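One letter stands for each residue in the lines below.
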Amino acid sequence: MGKKILLEHINVPGIETYEVFRKMGGYASVEKALKTKTPLEVVEEVKKSGLRGRGGAGFPTGLKWSFIDKKSGNPRQLVCNADESEPGTFKDRYLMEKLPHLLVEGMIVSSFALEAHLSYIYIRGEYMWVFRILEKAIKEAYAAGWLGKNIQGSGYDLDLHVTCGAGAYICGEETALIESLEGKRGNPRIKPPFPAVVGLYGNPTVVNNVETIMDIPWIVNNGGEEFAKFGIGKSTGTKLISASGNIKKPGVYEIELSIPVEEFVMSDEYCGGMQTDRPLKACVPGGSSVPILPANLLFKTAKGETRLMTYESMSDGGFATGSMIGSGGFIVYDDRACIVRNTWNFARFYHHESCGQCSPCREGTGWMEKVLWRIEHGFGNIEDIDLLWDIQRKIEGNTICPLGDAAAWPVAAAIRHFRDEFEFHIRYPEKVKDRKHFEKEPWEQVKHLVKKEDAVLV
Amino acid sequence: MGLAEVTKEEIKFSDKLLARIAVLKAHFPKGKHKSALLTVLHEVQDEHNNWLSVPVMDKVAEVLGILPIEVYEVATFYTMYNQQPVGKYMFEFCRTSCCCLRGAEDLIEYTCNKLGVEEGQVTADGLFSVKTTECLGACGYAPMLQLGDYYHEFLTPEKMDKLIDVCRVGNVEFYSKV
Chain V
484 MGKKILLEHI NVPGIETYEV FRKMGGYASV EKALKTKTPL EVVEEVKKSG
534 LRGRGGAGFP TGLKWSFIDK KSGNPRQLVC NADESEPGTF KDRYLMEKLP
584 HLLVEGMIVS SFALEAHLSY IYIRGEYMWV FRILEKAIKE AYAAGWLGKN
634 IQGSGYDLDL HVTCGAGAYI CGEETALIES LEGKRGNPRI KPPFPAVVGL
684 YGNPTVVNNV ETIMDIPWIV NNGGEEFAKF GIGKSTGTKL ISASGNIKKP
734 GVYEIELSIP VEEFVMSDEY CGGMQTDRPL KACVPGGSSV PILPANLLFK
784 TAKGETRLMT YESMSDGGFA TGSMIGSGGF IVYDDRACIV RNTWNFARFY
834 HHESCGQCSP CREGTGWMEK VLWRIEHGFG NIEDIDLLWD IQRKIEGNTI
884 CPLGDAAAWP VAAAIRHFRD EFEFHIRYPE KVKDRKHFEK EPWEQVKHLV
934 KKEDAVLV
Chain G
823 MGLAEVTKEE IKFSDKLLAR IAVLKAHFPK GKHKSALLTV LHEVQDEHNN
873 WLSVPVMDKV AEVLGILPIE VYEVATFYTM YNQQPVGKYM FEFCRTSCCC
923 LRGAEDLIEY TCNKLGVEEG QVTADGLFSV KTTECLGACG YAPMLQLGDY
973 YHEFLTPEKM DKLIDVCRVG NVEFYSKV
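Note that the protein sequences, when read in sequence, are chains V and G. Under the working numbering, the letters of the first sequence match residues 484 to 941, in that order. Under the working numbering, the letters of the second sequence match residues 823 to 1000, in that order.
In isolation and in its complexed conformation, chain V is listed as follows:
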């Protein structure tokens, strides 16, 4: 069994309750931090740990914390991003359902480190029952003296509340989240100024993912150096991976940031291999926004090295032959899956979720959805592939927030690695009329149709 940091006590009966959580050592990091450390020392410990943001971007957490503006003298705020909505990602929900008090504990220690006295957890509206779980946990924490005035006699005050969204992927982007938390539409803000200087209510604000916050108690209890002993290089600690798609055991797994991708997919400890032992076709390893990888680039990099579940190894080869570990939303496809259909599905998602502020994203995502729809349904023409490529290039980098990039990358990667499949849809429309076309006739059986004609054309 791999080493666990977050899920060590996950199977202890009643761990979601205050009493059991406390009995298992919960809230010890609050006592340790508030009574024996300065806020700066906590920040230093987190820096030493090498912890990187678990929401998807992988930015070093300690560094992010150190950017928070202190000169203005304005109150500092910590906001936990529990708006988990990246397709393929469902780890934060699991953590909050099972370990609500670990999130509260992490919020207290992290708020202390940032010298914040009013913090919020912003959870997506669909997780309403989890919202209630967190409300209850916060209430219990107040009752036990972990929140409120003069926490455990330390002189430190903190109020913590949970608030919710209402169905908008964009609110996972930190400035959109802040807007939403202010009771407005989730339109991302132009940066700079960054939230660390001008955030919630114009105050210096740090926004951290649920998993990131939940790693903090362990780091405070055991030291940043201990945390950094797990993993490889700049990928320290463990990470939760949400595995879904055509595998035997979909679910949430905690992995050390060092295991081979092949082990993660094939071993019984994790995904347990392919759903019905059909061949692996592709994988989106870090949530819908990251480039899809064909089977031949998943277990090995283009250089032939073993690909590992680390930030560096997953992105080895750049976007040409690599991808990203992102949010850890690990989606596996077998040979029945249609990459064109999947790409259309993602494009529809991004079109639906674009906030509409920037034209390239608002219009471009709609065009990509339409063009992909017609290719998938057998109405495409051969220029459509280049048209799609052109649209995604014009979105990427031309928008206020990264949703534009997130919409462009999956389309680019699908064309890059599966261009033949797009051509097949266009040249053999009668073969894709049924939406389960590759279920009936897997790609391996029909790919010669496009390959052979290519040979003739040459």
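For the record, the hints were derived by calculation from the structure and aren't laboratory data. These numbers were taken from a predicted model, which means no experiment stands behind them. Some hints here could point you the wrong way.
Once the Cα atoms are required to be at most 25 Å apart in a straight line, the calculated BS3-like pairs of lysine-lysine come out as [as the list claims (entries may be wrong)]:
no., chain 1, residue 1, chain 2, residue 2
1, G, Lys847, V, Lys674
2, V, Lys667, G, Lys854
3, G, Lys847, V, Lys632
Looking from chain G toward chain V, a few residues come up when the C-beta cut is under 7 Å (computed) [to be verified]:
no., residue
4, Phe835
5, Asp837
6, Ser857
7, Thr901
8, Glu956
Reference listing, derived: stretches of chain G covered by chain V, where coverage requires no fewer than 3 residues with Cβ under 8 Å from a Cβ of chain V [claimed, not checked]:
no., segment
9, 860–870
10, 964–972
For every residue, glycine included, the Cβ atom is placed at its ideal position computed from N, Cα and C.
Given the structure of chain V, go ahead and fit chain G onto it with the hints provided.
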């Protein structure tokens, strides 16, 4: 529904709802109570047949001391707020990739056929509606749907039949408790 014709003055929020709104407002600093808007709209929608009519939104504006437009612009941006009446039991199926890999499209077709509606429609008796949504964060437990505050996961046609049956007799978990 008739609700659309009533005026804001005729809308009454229950004491329980008003008390809850007061609690939610108190979570934010003085002058920043607009922050409670999204959560408040969920609670208000729950008390008004799961949709927000214009007079209901106007009432929210009055209670929170903000302009009606501030409520409308939020209510129209976020997909969870319904601007039209919906079925008493609205099945919101996740239609994003991971769920589709596990048969979401078949299940949506099955449910629509069984209820005799198309996506987005309400059954004639007003009891059910079928809606599709984007990723609900249950990718590993697919296919799934949301009903009220709860998720129903690892669905099959048989489980769908059962769910429809328990809804018909009103024996289903819907709103989570505060």
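We went through each hint and held it up to the structure:
With a C-alpha separation of about 29 Å, the suggested pairing of Lys847 (chain G) with Lys674 (chain V) is violated against the 25 Å cut-off. Under the criterion of a C-alpha separation no larger than 25 Å, the hint pairing Lys667 (chain V) with Lys854 (chain G) is consistent with the structure, at around 12 Å. Proximity of Lys847 (chain G) to Lys632 (chain V) is assessed by CA-CA distance (about 20 Å); at most 25 Å being required, the pair is judged to hold. Hint on Phe835 (chain G) is violated. Least Cβ distance to chain V is approximately 18 Å, over the 7 Å limit.
For the restraint placing Asp837 (chain G) at the interface with chain V, the shortest Cβ-Cβ distance is roughly 20 Å, beyond the 7 Å limit, so the hint is violated. A least Cβ separation of about 5 Å between Ser857 (chain G) and chain V falls short of the 7 Å threshold, and the interface hint therefore holds. Taking 7 Å as the C-beta contact cut-off toward chain V, the hint placing Thr901 (chain G) at the interface holds, the least distance being around 4 Å. The interface hint given for Glu956 (chain G) is met, as the beta carbon of that residue sits about 5 Å from the closest beta carbon of chain V, less than 7 Å.
Only when three residues or more bring their CB closer than 8 Å to a CB of chain V does the claim for the segment 860–870 of chain G stand; here the count is 4, and the claim holds. Residue count for the segment 964–972 of chain G with a Cβ under 8 Å from a Cβ of chain V: 4. That meets the three needed, and the coverage hint holds.
Taken one by one, the earlier hints fail for this structure at numbers 1, 4, 5, listed in ascending order.
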